[in-house]
Amino acid sequence: RKEVEQDPGPFNVPEGATVAFNCTYSNSASQSFFWYRQDCRKEPKLLMSVYSSGNEDGRFTAQLNRASQYISLLIRDSKLSDSATYLCVVNMGYGGSQGNLIFGKGTKLSVKP
Amino acid sequence: NAGVTQTPKFRVLKTGQSMTLLCAQDMNHEYMYWYRQDPGMGLRLIHYSVGEGTTAKGEVPDGYNVSRLKKQNFLLGLESAAPSQTSVYFCASSNRLAGLNEQFFGPGTRLTVL
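In the order they appear, the protein sequences are chains F and L.
The first sequence begins at 1172 in the numbering used here and counts up one residue at a time.
The second sequence begins at 295 in the numbering used here and counts up one residue at a time.
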């Protein structure tokens, strides 16, 4: 089983739609969880961290289910500017840096007018 | 603040040639990383550094060497380039607790090895 798995998409949705991305991770000892966003031919940037209690930032909601080793990202009222690839990222909790990040392959979102 | 910068932005090499990619950060971060990103693959860690003068291997270190002589710079070297090293290379930096804080990425270097 791959360490971090995501549905590659693409997800093609109309403006205003609600879209959800899922991610599973294999290491139950994983400590920290994130969603990064990567625009075409650009570098990844942190979108939000994912906390056990779930967290919301405007139109974005992230949730973590440790028992099922599952992370989700919900985007409400999609905008054209949300079109990007969303990377699920997990800190496996080992390594000299006190945790190296493992990146999923990403889920591509395309929001259409 | 420029954040994380990478040079060059693009490069084409012939098989067997060598080159060095330079990463610089002005955020006083302790940790720096080199990743490669290939189509259909997630970002994969090549080497990382937890401080000046220290380096460590990541997931895919073969064919690459690194040096961290100054805190703000992290160099990635290809001694004898191979077509399999055609990729987009990203440098990143973070403060001490990498897992708890975000990594800041440079704009990437697009390398083609013919």
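Just so you know, the hints here were simulated from the structure itself, not pulled from any lab data.
Given the structure is predicted, the values throughout are model-derived calculations rather than measurements.
Hints are not guaranteed to be accurate.
[Claimed, not checked] Below 25 Å or equal to it, Euclidean Cα-Cα: the simulated BS3-like pairs (lysine-lysine) are:
hint, chain 1, residue 1, chain 2, residue 2
1, F, Lys1283, F, Lys1250
2, F, Lys1216, L, Lys303
3, F, Lys1279, F, Lys1213
4, F, Lys1213, F, Lys1283
5, F, Lys1216, F, Lys1283
6, F, Lys1250, F, Lys1279
7, F, Lys1250, L, Lys365
8, L, Lys308, L, Lys364
9, L, Lys303, F, Lys1213
10, F, Lys1216, L, Lys308
11, F, Lys1216, F, Lys1250
12, F, Lys1213, F, Lys1250
[What the hints assert, rightly or not] Derived list of chain L stretches under chain F, where covered just means 3 residues or more per stretch with a C-beta under 8 Å from a C-beta of chain F:
hint, segment
13, 360-369
14, 396-404
Every residue, glycine too, gets a C-beta built ideally from N, C-alpha and C.
Pair hint outcome, lysine 1216/F versus lysine 303/L [Cα-Cα no greater than 25 Å] = holds (18 Å)
task = Starting from lysine 1250/F, check that the Cα of lysine 365/L is at most 25 Å away, please.
result = Status violated; Cα separation ~40 Å.
key: Pair hint lysine 1216/F and lysine 1250/F, alpha-carbon separation not exceeding 25 Å   = The hint holds at about 18 Å.
inquiry  = Is the listed coverage of the segment 360-369 of chain L by chain F valid when you require three or more residues with a beta carbon under 8 Å from a beta carbon of that chain?
reply    = violated (count 0)
key: Agreement of lysine 1279/F and lysine 1213/F with the hint, judged by alpha carbon distance not exceeding 25 Å   = Given pair lysine 1279/F, lysine 1213/F holds - Cα atoms ~14 Å apart, limit 25 Å.
inquiry  = Check the hint pairing lysine 1213/F with lysine 1283/F against an upper bound of 25 Å on the C-alpha distance.
reply    = It holds: about 21 Å lies between the C-alpha atoms, which stays within 25 Å.
message = Between the alpha carbons of lysine 1250/F and lysine 1279/F, is the straight-line distance 25 Å or under?
response = holds (14 Å)
key: Given hint lysine 1283/F paired with lysine 1216/F - CA-CA distance at most 25 Å   = With Cα atoms ~22 Å apart, lysine 1216/F and lysine 1283/F stay inside 25 Å; holds.
request  = Take the C-alpha atoms of lysine 303/L and lysine 1213/F, compute the straight-line distance between them, and say whether it is at most 25 Å.
outcome  = The hint holds at about 12 Å.
task = Given the hint that lysine 1216/F pairs with lysine 308/L, test it: the Cα-Cα distance must not exceed 25 Å.
result = violated (32 Å)
Per-stretch coverage check for the segment 396-404 of chain L, three Cβ contacts closer than 8 Å to chain F = holds (count 6)
key: Proposed proximity, lysine 1250/F with lysine 1213/F (alpha carbon, max 25 Å)   = holds (19 Å)
Of the numbered hints given earlier, the model fails hints 7, 8, 10, 13; all others are met.
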